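So the protein sequences, as listed, match chains W, R, C, U, Y and L.
In short: position in the first sequence from 1, add 4, done, that's our numbering.
In short: position in the second sequence from 1, add 4, done, that's our numbering.
In short: position in the third sequence from 1, add 4, done, that's our numbering.
In short: position in the fourth sequence from 1, add 4, done, that's our numbering.
In short: position in the fifth sequence from 1, add 4, done, that's our numbering.
In short: position in the sixth sequence from 1, add 4, done, that's our numbering.
Because the hints were derived from the structure by calculation, they are not lab data.
What you are looking at is a predicted structure, and each value in this text was computed from that prediction instead of being measured.
Watch out, some of these pointers could steer you wrong.
Identical copies go unnamed one by one, so any copy, or any two together, can satisfy a pair.
Distance condition first, Cα-Cα at most 20 Å in a straight line; then the derived EDC-like pairs of lysine to aspartate or glutamate [said to hold, decoys possible]:
| no. | residue 1 | residue 2 |
| --- | --- | --- |
| 1 | 127 | 36 |
| 2 | 35 | 128 |
| 3 | 95 | 13 |
| 4 | 127 | 32 |
Protein chains: 6
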Amino acid sequence: MDTTTHRHELGELTLSRITGGTGTSVVESLKDIAPDLAEWIIAFSYGDVMSRPGLDLRSRQFATVAALTAMGTAMPQLRVHLHGALNVGCKPSELVEVILQMAVFSGFPSAINALNVAREVFKDRGTTPGEKLR
Amino acid sequence: MDTTTHRHELGELTLSRITGGTGTSVVESLKDIAPDLAEWIIAFSYGDVMSRPGLDLRSRQFATVAALTAMGTAMPQLRVHLHGALNVGCKPSELVEVILQMAVFSGFPSAINALNVAREVFKDRGTTPGEKLR
Amino acid sequence: MDTTTHRHELGELTLSRITGGTGTSVVESLKDIAPDLAEWIIAFSYGDVMSRPGLDLRSRQFATVAALTAMGTAMPQLRVHLHGALNVGCKPSELVEVILQMAVFSGFPSAINALNVAREVFKDRGTTPGEKLR
Amino acid sequence: MDTTTHRHELGELTLSRITGGTGTSVVESLKDIAPDLAEWIIAFSYGDVMSRPGLDLRSRQFATVAALTAMGTAMPQLRVHLHGALNVGCKPSELVEVILQMAVFSGFPSAINALNVAREVFKDRGTTPGEKLR
Amino acid sequence: MDTTTHRHELGELTLSRITGGTGTSVVESLKDIAPDLAEWIIAFSYGDVMSRPGLDLRSRQFATVAALTAMGTAMPQLRVHLHGALNVGCKPSELVEVILQMAVFSGFPSAINALNVAREVFKDRGTTPGEKLR
Amino acid sequence: MDTTTHRHELGELTLSRITGGTGTSVVESLKDIAPDLAEWIIAFSYGDVMSRPGLDLRSRQFATVAALTAMGTAMPQLRVHLHGALNVGCKPSELVEVILQMAVFSGFPSAINALNVAREVFKDRGTTPGEKLR
Numbered sequence: 005m006d007t008t009t010h011r012h013e014l015g016e017l018t019l020s021r022i023t024g025g026t027g028t029s030v031v032e033s034l035k036d037i038a039p040d041l042a043e044w045i046i047a048f049s050y051g052d053v054m055s056r057p058g059l060d061l062r063s064r065q066f067a068t069v070a071a072l073t074a075m076g077t078a079m080p081q082l083r084v085h086l087h088g089a090l091n092v093g094c095k096p097s098e099l100v101e102v103i104l105q106m107a108v109f110s111g112f113p114s115a116i117n118a119l120n121v122a123r124e125v126f127k128d129r130g131t132t133p134g135e136k137l138r
Numbered sequence: 005m006d007t008t009t010h011r012h013e014l015g016e017l018t019l020s021r022i023t024g025g026t027g028t029s030v031v032e033s034l035k036d037i038a039p040d041l042a043e044w045i046i047a048f049s050y051g052d053v054m055s056r057p058g059l060d061l062r063s064r065q066f067a068t069v070a071a072l073t074a075m076g077t078a079m080p081q082l083r084v085h086l087h088g089a090l091n092v093g094c095k096p097s098e099l100v101e102v103i104l105q106m107a108v109f110s111g112f113p114s115a116i117n118a119l120n121v122a123r124e125v126f127k128d129r130g131t132t133p134g135e136k137l138r
Numbered sequence: 005m006d007t008t009t010h011r012h013e014l015g016e017l018t019l020s021r022i023t024g025g026t027g028t029s030v031v032e033s034l035k036d037i038a039p040d041l042a043e044w045i046i047a048f049s050y051g052d053v054m055s056r057p058g059l060d061l062r063s064r065q066f067a068t069v070a071a072l073t074a075m076g077t078a079m080p081q082l083r084v085h086l087h088g089a090l091n092v093g094c095k096p097s098e099l100v101e102v103i104l105q106m107a108v109f110s111g112f113p114s115a116i117n118a119l120n121v122a123r124e125v126f127k128d129r130g131t132t133p134g135e136k137l138r
Numbered sequence: 005m006d007t008t009t010h011r012h013e014l015g016e017l018t019l020s021r022i023t024g025g026t027g028t029s030v031v032e033s034l035k036d037i038a039p040d041l042a043e044w045i046i047a048f049s050y051g052d053v054m055s056r057p058g059l060d061l062r063s064r065q066f067a068t069v070a071a072l073t074a075m076g077t078a079m080p081q082l083r084v085h086l087h088g089a090l091n092v093g094c095k096p097s098e099l100v101e102v103i104l105q106m107a108v109f110s111g112f113p114s115a116i117n118a119l120n121v122a123r124e125v126f127k128d129r130g131t132t133p134g135e136k137l138r
Numbered sequence: 005m006d007t008t009t010h011r012h013e014l015g016e017l018t019l020s021r022i023t024g025g026t027g028t029s030v031v032e033s034l035k036d037i038a039p040d041l042a043e044w045i046i047a048f049s050y051g052d053v054m055s056r057p058g059l060d061l062r063s064r065q066f067a068t069v070a071a072l073t074a075m076g077t078a079m080p081q082l083r084v085h086l087h088g089a090l091n092v093g094c095k096p097s098e099l100v101e102v103i104l105q106m107a108v109f110s111g112f113p114s115a116i117n118a119l120n121v122a123r124e125v126f127k128d129r130g131t132t133p134g135e136k137l138r
Numbered sequence: 005m006d007t008t009t010h011r012h013e014l015g016e017l018t019l020s021r022i023t024g025g026t027g028t029s030v031v032e033s034l035k036d037i038a039p040d041l042a043e044w045i046i047a048f049s050y051g052d053v054m055s056r057p058g059l060d061l062r063s064r065q066f067a068t069v070a071a072l073t074a075m076g077t078a079m080p081q082l083r084v085h086l087h088g089a090l091n092v093g094c095k096p097s098e099l100v101e102v103i104l105q106m107a108v109f110s111g112f113p114s115a116i117n118a119l120n121v122a123r124e125v126f127k128d129r130g131t132t133p134g135e136k137l138r
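Can you build the whole structure from these sequences, using the hints too?
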């Protein structure tokens with residue numbers, strides 16, 4: 005198996021493991037307008053970057069949720085990665101913690117807006133942050 | 005012990021545990037111009053938020069490093085929190101992973117600029133990412 | 005009355021004075037997913053920060069509207085704070101001035117997008133900027 | 005013809021040339037709430053800036069599309085300027101290239117979100133990026 | 005006096021009133037590389053926008069300081085406008101209030117970084133926030 | 005030649021063509037702390053993205069300079085890409101035009117800060133924008 009095939013296959017595996025159907029459908033949706041971007045997401049973002057062994061997937065998803073919350077310009081991606089975080093074993097209450105923490109670093113509006121996405125994701129999954137958070 | 009004292013003491017404890025001398029000196033430096041901001045950092049940011057039991061400190065620091073890297077407007081704070089991350093047990097190689105991952109979400113410049121801060125932090129601590137990263 | 009009660013009561017008072025029903029309903033809406041964030045908004049954002057005597061509430065709302073316009077990532081909060089600004093005595097024409105000024109500092113798109121929110125807020129309140137602006 | 009008239013007329017000409025009806029209707033929509041902003045868009049943004057002879061309009065639109073994609077806070081304006089880019093002779097496939105390139109500089113989410121706007125613009129115009137992009 | 009002369013003269017007056025020598029020297033420094041940008045700052049930013057009668061200069065400077073603090077990408081301009089705010093009668097303690105308030109909206113790092121600029125500006129002017137802030 | 009070798013070699017070629025020694029030394033400087041990021045810059049950013057045939061290199065550099073100016077968080081990269089733009093045939097006066105145009109989209113501070121970088125780059129190259137710009 006040459007390296008290109010390897011990157012693609014590894015990326016598909018990690019994409020599927022993290023985002024499940026949600027991520028796959030984002031990638032599919034790009035194929036009409038920018039098939040190479042779809043391929044880069046698989047081979048680069050998931051094959052080269054997210055598949056790296058040096059950090060567990062739960063920590064990777066905490067980092068992604070934090071960054072997308074702080075940026076505030078990527079709500080559709082935040083939704084995908086909250087699903088992704090739940091898929092790799094992050095607990096809803098932990099994701100709420102990551103988002104709340106962003107109130108300190110990027111301000112209360114960024115945390116409030118991200119929680120509104122999280123509420124919908126949790127509802128779609130039939131889950132809740134579970135207990136009073138403190 | 006009333007709640008105000010509790011918040012302050014809990015905050016001091018967590019601030020000291022995460023940032024050690026670095027964070028304390030930031031807080032001290034604010035006392036001339038905005039003593040109440042210094043107190044909010046202790047009682048709110050560290051007492052109310054960072055001390056919450058629902059997420060371990062390593063994960064909190066991964067989240068903070070990710071967010072500050074993605075924002076790109078808080079290099080002094082990134083430095084403090086890279087120190088903080090090392091203080092609570094994040095490995096240098098794991099912090100490099102978090103920063104590299106941001107190339108996907110906030111672009112290569114954000115990752116490169118954060119790595120340049122990380123290199124200095126690692127040097128100050130006499131540590132390195134240790135091994136070839138992959 | 006201990007300090008914690010004081011912060012909460014002061015915060016509720018200022019929240020109610022600035023945002024009226026709008027802000028209260030945002031806070032209420034957070035209680036299912038993050039009750040502590042709801043409490044922080046009251047006790048910290050409004051009790052500790054917005055209640056401080058060193059700056060009048062009109063100036064505080066001009067500052068908030070300016071910042072949220074410039075950031076461009078917090079349209080729901082801009083709406084709440086435009087209402088808040090009107091509640092504490094800012095004139096519609098003054099709020100338009102603050103937003104127009106942001107064309108200089110954060111660019112024309114940020115001003116245009118904020119004006120589109122302001123138009124809706126003014127309409128909801130049955131008010132207008134009133135006169136030709138110059 | 006005095007300079008003020010000149011700025012306005014030159015601006016109207018360039019606005020019309022770049023954005024056609026779309027830009028004109030944005031300007032019209034501002035006249036109720038901020039007529040002077042509408043005038044600044046014509047006389048300053050299009051008269052003073054976009055009409056300058058030192059750079060061709062295609063390059064100007066590539067620059068605008070790149071900036072609005074990277075900022076991520078100006079989707080309505082991105083839509084207007086994608087139309088504008090097509091109006092001055094940029095090819096759909098070239099606009100996709102500019103957007104894809106932003107994956108490197110401002111991250112994959114910024115590119116994906118901009119492509120979703122581009123897809124709608126291309127559809128409204130009955131055009132496509134035309135060929136497999138590579 | 006035709007309108008162009010009027011815009012320029014009005015802009016020079018307001019620029020001088022707000023920023024004094026600091027702003028003038030920024031404008032001067034641009035003349036080698038982009039003389040038209042220098043002119044736009046005078047005629048558009050200060051002549052068209054900042055000179056408008058609908059909002060007092062103190063409120064305008066509160067808005068500008070808030071926005072530049074929240075953006076975090078314009079520290080040299082924040083410095084100029086903190087000077088400008090002091091020039092038009094804002095008190096140091098009021099400027100500290102505006103900056104502290106941004107901790108809520110754009111996060112603690114944005115407030116801390118802006119305070120570090122404010123400290124230098126106050127020092128250059130031989131002033132201080134004067135009293136314990138609360 | 006397999007695809008991996010091809011991506012790397014193509015990337016090196018384009019990196020060298022655009023950024024010359026400047027870009028190569030950035031890549032080299034990353035090898036101690038994150039050798040894989042260095043490789044991604046070559047194989048992904050320059051091999052996969054910047055080498056694509058669908059857009060000429062001058063247009064690509066206009067887009068990059070526009071985006072980095074608007075973002076305001078990537079001054080070291082703006083410097084590299086201003087050099088890169090000059091290397092692929094953009095004229096200094098054209099780069100000034102792109103930066104000036106950003107005053108409209110991301111605000112005057114973003115344009116002023118970018119011009120200050122451009123002035124240094126032009127000086128390093130012994131060039132100037134050449135003529136009065138209009």
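Okay, the hints, checked on the actual structure:
no., hint, result
1, 127 to 36, "between (31 Å within a copy, 12 Å between copies)"
2, 35 to 128, "between (26 Å within a copy, 19 Å between copies)"
3, 95 to 13, "neither (28 Å within a copy, 29 Å between copies)"
4, 127 to 32, "between (25 Å within a copy, 18 Å between copies)"
Comparing the model with each earlier hint shows a violation of hint 3 alone; every other hint is respected.
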